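Full structure from sequences and hints, please.
Residues 99 to 221 in my numbering are what the sequence shown spells out, letter by letter.
Everything labelled a hint here was simulated from the structure, so no lab data went into it. Since we're looking at a predicted model, the values are computed, not measured. Here a beta-carbon is modelled for each residue, glycine too, at the ideal position from N, C-alpha and C. Each hint should be verified, as a subset may be incorrect.
Label pairs and their calculated CB-CB ranges [claimed, not checked]:
no.	residue 1	residue 2	range
1	K197	G146	27 to 37 Å
2	S144	G202	28 to 38 Å
3	H109	N158	21 to 31 Å
4	Q201	D111	12 to 22 Å
5	Q203	R113	28 to 38 Å
6	S189	R209	16 to 26 Å
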Amino acid sequence: MKVAVCARDNHIDARVDQRFGRCPYFIVVDLDSGDWEGLQNTGTQSSGGAGVQTAQLLVNRGVNVVLVDRIGPNAMEVLSRAGIQVYGGISGTVSQSLKAYRQGQLTLLSRANSPSHGGMGRG
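Structural data, given as structure tokens:
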């Protein structure tokens, strides 16, 4: 199973990023093997629709679960249609957020928890 975590840098111990569509990186972890890869978020340069582009990037990579702090309605819809589960409440580092996920401490989201364009200009 592949889990993607919003990150500020390209490393497993990077700080998480609260934004989904405009986070600089995703750390994609294969929970079965323990392998991980840093994935640059190409949606960050979009003038609009960053969340949708970012969601499609993760769909194309075969991600099963996304760990976020905030996610907007358009991105959430793309992920939901693809059968990708979204968990909210990440904090600290990517490693810490993965640990919280494994321990059942994150909340499974059934809808967006941020308005459209909620990540514009925030870091």
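Now for the hints, and whether the structure bears them out:
1. K197 with G146: 27 to 37 Å: Holds - the Cβ-Cβ distance for K197 and G146, about 35 Å, lies within 27 to 37 Å.
2. S144 with G202: 28 to 38 Å: 34 Å Cβ-Cβ, so the 28 to 38 Å window holds.
3. H109 with N158: 21 to 31 Å: holds, 22 Å
4. Q201 with D111: 12 to 22 Å: holds, 18 Å
5. Q203 with R113: 28 to 38 Å: Taking Cβ atoms as reference, Q203 and R113 lie about 18 Å apart, which means the hint is violated.
6. S189 with R209: 16 to 26 Å: At 21 Å between Cβs, range holds.
In summary, the structure is inconsistent with hint 5 from the numbered list given earlier, while agreeing with all the others.
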